[in-house]
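S.K.: Line by line, the protein sequences are chains A and B.
To convert, take the position in the first sequence, counting from 1, and add 217; that gives the working numbering.
To convert, take the position in the second sequence, counting from 1, and add 217; that gives the working numbering.
Hints may be right or wrong, so weigh each one.
Note that identical chains are pooled: a pair holds if it fits in a single copy or bridges any two copies.
[Unchecked claim] In the DSBU-like style, the derived pairs of lysine-lysine whose C-alpha atoms are separated by at most 35 Å in a straight line are: (1) 378 / 337; (2) 674 / 354; (3) 416 / 337; (4) 675 / 337; (5) 675 / 457; (6) 416 / 395.
Just so you know, the hints here were simulated from the structure itself, not pulled from any lab data.
Treat the numbers as computed from the prediction; the structure is a model and nothing was measured.
Number of protein chains: 2
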Amino acid sequence: MTDTSGPQLGRRNFLGAATLGTGAALVGLGTGGAALAAAGSPAPQVDFPDDPRAFAGGPPGTNNRAEIDLYDCEVEGQLPLDLDGMFYRVGPDPQYPKPEQYKGDIMFDGEGHVSAFRIKNGHVDYRTRYAKTQRWKAQHDARRSLFGMYRNPLTDDPSVKGLSRGTANTQLFLHHGKLLVFKEDSPPVYLDPLTLETKDDYYTFGGKLDSQTHTAHPKIDPLTGEYIAFGYEADGLLSKSVVVFSADRHGAVNWHTKVQVPYAGMMHDFVVTQKHVILYLTNMVSDMDRIKAGGVHFSYDSRAPVYIGVLRRGGDGKDLRWFTGQNLFCTHSMGGWSDGDKIVMDWDGGEGNQFPFFPSLHEPFDPVKGTGYLRRFTIDLSSKSNDRFQVETIYPEVSGVLARQDDRFHTLKYRYGYLNGVGPKGGWWIVDHQEKTTQLVSVPDYMLSEMTFVPRKKDAPEGDGYLIGIGSSMKEAGRSDLILIDTKDVAAGPVARVKMPFKCVGQVHGFWGDASDIPGADLA
Amino acid sequence: MTDTSGPQLGRRNFLGAATLGTGAALVGLGTGGAALAAAGSPAPQVDFPDDPRAFAGGPPGTNNRAEIDLYDCEVEGQLPLDLDGMFYRVGPDPQYPKPEQYKGDIMFDGEGHVSAFRIKNGHVDYRTRYAKTQRWKAQHDARRSLFGMYRNPLTDDPSVKGLSRGTANTQLFLHHGKLLVFKEDSPPVYLDPLTLETKDDYYTFGGKLDSQTHTAHPKIDPLTGEYIAFGYEADGLLSKSVVVFSADRHGAVNWHTKVQVPYAGMMHDFVVTQKHVILYLTNMVSDMDRIKAGGVHFSYDSRAPVYIGVLRRGGDGKDLRWFTGQNLFCTHSMGGWSDGDKIVMDWDGGEGNQFPFFPSLHEPFDPVKGTGYLRRFTIDLSSKSNDRFQVETIYPEVSGVLARQDDRFHTLKYRYGYLNGVGPKGGWWIVDHQEKTTQLVSVPDYMLSEMTFVPRKKDAPEGDGYLIGIGSSMKEAGRSDLILIDTKDVAAGPVARVKMPFKCVGQVHGFWGDASDIPGADLA
Numbered sequence: 218m219t220d221t222s223g224p225q226l227g228r229r230n231f232l233g234a235a236t237l238g239t240g241a242a243l244v245g246l247g248t249g250g251a252a253l254a255a256a257g258s259p260a261p262q263v264d265f266p267d268d269p270r271a272f273a274g275g276p277p278g279t280n281n282r283a284e285i286d287l288y289d290c291e292v293e294g295q296l297p298l299d300l301d302g303m304f305y306r307v308g309p310d311p312q313y314p315k316p317e318q319y320k321g322d323i324m325f326d327g328e329g330h331v332s333a334f335r336i337k338n339g340h341v342d343y344r345t346r347y348a349k350t351q352r353w354k355a356q357h358d359a360r361r362s363l364f365g366m367y368r369n370p371l372t373d374d375p376s377v378k379g380l381s382r383g384t385a386n387t388q389l390f391l392h393h394g395k396l397l398v399f400k401e402d403s404p405p406v407y408l409d410p411l412t413l414e415t416k417d418d419y420y421t422f423g424g425k426l427d428s429q430t431h432t433a434h435p436k437i438d439p440l441t442g443e444y445i446a447f448g449y450e451a452d453g454l455l456s457k458s459v460v461v462f463s464a465d466r467h468g469a470v471n472w473h474t475k476v477q478v479p480y481a482g483m484m485h486d487f488v489v490t491q492k493h494v495i496l497y498l499t500n501m502v503s504d505m506d507r508i509k510a511g512g513v514h515f516s517y518d519s520r521a522p523v524y525i526g527v528l529r530r531g532g533d534g535k536d537l538r539w540f541t542g543q544n545l546f547c548t549h550s551m552g553g554w555s556d557g558d559k560i561v562m563d564w565d566g567g568e569g570n571q572f573p574f575f576p577s578l579h580e581p582f583d584p585v586k587g588t589g590y591l592r593r594f595t596i597d598l599s600s601k602s603n604d605r606f607q608v609e610t611i612y613p614e615v616s617g618v619l620a621r622q623d624d625r626f627h628t629l630k631y632r633y634g635y636l637n638g639v640g641p642k643g644g645w646w647i648v649d650h651q652e653k654t655t656q657l658v659s660v661p662d663y664m665l666s667e668m669t670f671v672p673r674k675k676d677a678p679e680g681d682g683y684l685i686g687i688g689s690s691m692k693e694a695g696r697s698d699l700i701l702i703d704t705k706d707v708a709a710g711p712v713a714r715v716k717m718p719f720k721c722v723g724q725v726h727g728f729w730g731d732a733s734d735i736p737g738a739d740l741a
Numbered sequence: 218m219t220d221t222s223g224p225q226l227g228r229r230n231f232l233g234a235a236t237l238g239t240g241a242a243l244v245g246l247g248t249g250g251a252a253l254a255a256a257g258s259p260a261p262q263v264d265f266p267d268d269p270r271a272f273a274g275g276p277p278g279t280n281n282r283a284e285i286d287l288y289d290c291e292v293e294g295q296l297p298l299d300l301d302g303m304f305y306r307v308g309p310d311p312q313y314p315k316p317e318q319y320k321g322d323i324m325f326d327g328e329g330h331v332s333a334f335r336i337k338n339g340h341v342d343y344r345t346r347y348a349k350t351q352r353w354k355a356q357h358d359a360r361r362s363l364f365g366m367y368r369n370p371l372t373d374d375p376s377v378k379g380l381s382r383g384t385a386n387t388q389l390f391l392h393h394g395k396l397l398v399f400k401e402d403s404p405p406v407y408l409d410p411l412t413l414e415t416k417d418d419y420y421t422f423g424g425k426l427d428s429q430t431h432t433a434h435p436k437i438d439p440l441t442g443e444y445i446a447f448g449y450e451a452d453g454l455l456s457k458s459v460v461v462f463s464a465d466r467h468g469a470v471n472w473h474t475k476v477q478v479p480y481a482g483m484m485h486d487f488v489v490t491q492k493h494v495i496l497y498l499t500n501m502v503s504d505m506d507r508i509k510a511g512g513v514h515f516s517y518d519s520r521a522p523v524y525i526g527v528l529r530r531g532g533d534g535k536d537l538r539w540f541t542g543q544n545l546f547c548t549h550s551m552g553g554w555s556d557g558d559k560i561v562m563d564w565d566g567g568e569g570n571q572f573p574f575f576p577s578l579h580e581p582f583d584p585v586k587g588t589g590y591l592r593r594f595t596i597d598l599s600s601k602s603n604d605r606f607q608v609e610t611i612y613p614e615v616s617g618v619l620a621r622q623d624d625r626f627h628t629l630k631y632r633y634g635y636l637n638g639v640g641p642k643g644g645w646w647i648v649d650h651q652e653k654t655t656q657l658v659s660v661p662d663y664m665l666s667e668m669t670f671v672p673r674k675k676d677a678p679e680g681d682g683y684l685i686g687i688g689s690s691m692k693e694a695g696r697s698d699l700i701l702i703d704t705k706d707v708a709a710g711p712v713a714r715v716k717m718p719f720k721c722v723g724q725v726h727g728f729w730g731d732a733s734d735i736p737g738a739d740l741a
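Model the full structure from these sequences, guided by the hints.
M.R.: Written out as structure tokens, the structure reads:
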């Protein structure tokens, strides 16, 4: 096994403003001295390592770990008075320092800290709460870390056996009145979408989800309001089972099937069209040797083939077909649709490992190969014997990570996509597949976290609205502004900035919730 | 009337670390542009003035206005494992910017924000909450400022007529299981001492307090557990009525009397001995002309005599005697006791106005005359015809403000006092009246807010314990440490520091509550 390697960049960089690319953005090289006794002894004083590369509570000046209510934030510019909803964010925020033997754990193992901006009538209320996972609660009560390495249950304190290891730290979705917070190794955690109070630390859609896991990237079918999701390693550690399911707009599970994948490996995102579900099995393989040795869950295996699996929505899964092709390591899908017998879908992906904090089995980490580009996949289902997918790189000027779209166009042929631009210019790309144009959104002196699309009105045309996200002021030690940019006049710069008095807790992904989808929002 | 004047120092300096003296520490010269519409119109966007001298929400990097829970803070050094209690702080934290016509309001008119450090087993949990005063709630609901100038009800929005103007922003006390938060223009606000939830926004000791006001500096009789307090302008704006009362250890009022003072003026603190209550009427006079003109409540009148009033505890108040002498402007008492027919008491005070933000009627503000020294007063009650008090300056090397003592020695002859040292050296003075020695407590590169005495154990000898308080790191843009210094080894420096990841909300005063006095603390 190789050691973790890669650029020595810490959580500060990644979570404060993700403009460095998935690959370079996060390492978990701990060199701090947090020593932690066993669970039976008194909890030691809390002392996070000072090393910014370590699994840690964040640099001074941040509001990491602090649960905050800031009512009526200061606003500059003009917030649209008819904007009425909540902007949600979530990211890992280590609750406790790790014991010495696990100090090299990665930041993606931090406990999920949710933040929300309630926007209405030009006023903004800010609130953050940890997702009160089973893990969070056990550690809170013990006042120490009890869970060891990233997705490695063999490293846990015996006292937590049987508890969910889920951290709820990756993404969140509003559906059937619930704020569901995701970590792909566990079922969602259900939070009240207004108060952020945790209502269910292990949400299984009324017991209907027969999976130990659930993706961080479900989709919503805008025509039916259905929620479609999957879970990999569904039957436990390194299981090849994948559950795929959907729930109607009220959260009732109306489809549930279980399929098998060629090997256990990372399946971070997927694509849903009006007809099909498309699974993407990356060659970031689940590695039992590493797990048994007390390491993290994954190793990058460049020699393992990447598989794309296609199955009919609503079917029993027996129609699942696997396709291979160029061995791209893709992380996030931008969008996809069915076009007759063809499936077209766009992902951001690199030719090699995008996650340097997961070791590569056969070669050193290569940041060039890890650089993400927009990849358009075409899968032809017309021939039963064809098992190859086609892929091309679109917009070669655009490199980046964290692909998103106007979420109202999941499953449909879509026009607009958004991508975190990496490289010297930074910023966020808006791509227009109809006009085949790209433009870069940037704010001088600010680094931008994931920019989430907000429709101008709930029924506005595709892409007509705002990009919303946290900007970190490079001139003010990372102090945060919530920035709102009009997609129809990007050049004008932000139409409004919510001036936070501090550096907000970091994030991975964000989600916009319209007030009409939030129970009680009309009163708040 | 003269304009407000004095050094151009802002809230940042005063509340972050009060080492500049009461006089120089706070001005309310607003020059920002917060424009606020009347209450009937939609609440405008929130925009505090950028000018740090203005009535404002604090500079970037602070956690002003944010209500926070930070569980298990980081600790350096070694917190004594048997230290079990809560350190409470409170200070003004403007909830909303003022409308243009009141932008010159003073920072002492900011809404009270309470913070608390729960310390137990070497772990520290931090929590802050606004005191939910009637004023706070009205403004919260309206999303704007509704109360005008400092202690001037004529400047209020008509919609708040009849509501308490109290801000609960000055000091807090734990008594009969309640955290009582004070502003001297109004009755206490009662907060749950663990959760900081506001339980009563107008606490009148079960309806027994017949006063519209209550001092920010009550005393506790350590022999009986009684709580002794007073309220000036007790019957309304500029009334000469002063209520003096006591309550037993269960909060039941067991003495209540009303007396009249020679004129309406500031009476910030007082002294209680085992026999007497001593009132101190300063020549910071309540000024109806200024109030009618839309200004603040007070003017400094160097020509008005300072009065010291003495009345028997438990009496009907008819024995009240007034004494005059040197016209010192005293703000805080350090301690006092009865010695036969004599009363001895120590205050910090200056020869002139200590509050430059309250205008002087007859001369410009003089920072030299405003400088505070420790003044020992002696009042001889043996002669019925004597109406003069004697006063001497003790420890002339010691100048400062915010005098405190070991609170367990209120009413008794005491040995140790504490004082915020002003001048180039800064820090906190410990004075030992028995040995007649003084020593200065300072922490390199930190400015210290009020340091509060914490007994080593509940029954430790006088002065044996710790000084606790917030230090603002001058090298880290004011980031806060909660600092604990052993009074028996000051030279060793802090025994522990709670490393806050941010700049904590500011304070005026603090209070230590032993866990045994906090209902439910054994479970928290």
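S.K.: Taking the hints in turn, state whether each one holds.
M.R.: Results for each hint:
Taking identical chains as interchangeable, the C-alpha atoms of residue 378 and residue 337 lie at most 35 Å apart only when they sit on different chains, with a minimum of 28 Å there against 44 Å within one chain. Taking identical chains as interchangeable, the C-alpha atoms of residue 674 and residue 354 lie at most 35 Å apart only when they sit on different chains, with a minimum of 32 Å there against 39 Å within one chain. Taking the closest pair of Cα atoms, residue 416 and residue 337 come within 35 Å of each other both inside a single copy (25 Å) and across two copies (29 Å). Taking the shortest alpha-carbon separations for residue 675 and residue 337, only the intra-copy value of 14 Å comes in at or below 35 Å, while the best inter-copy value is 50 Å.
For the identical chains of this complex, residue 675 and residue 457 are neighbours neither inside a copy (39 Å) nor across copies (61 Å), given an alpha-carbon limit of 35 Å. Taking CA atoms no more than 35 Å apart as the test, residue 416 paired with residue 395 passes in both settings, with 9 Å inside one copy and 31 Å between copies.
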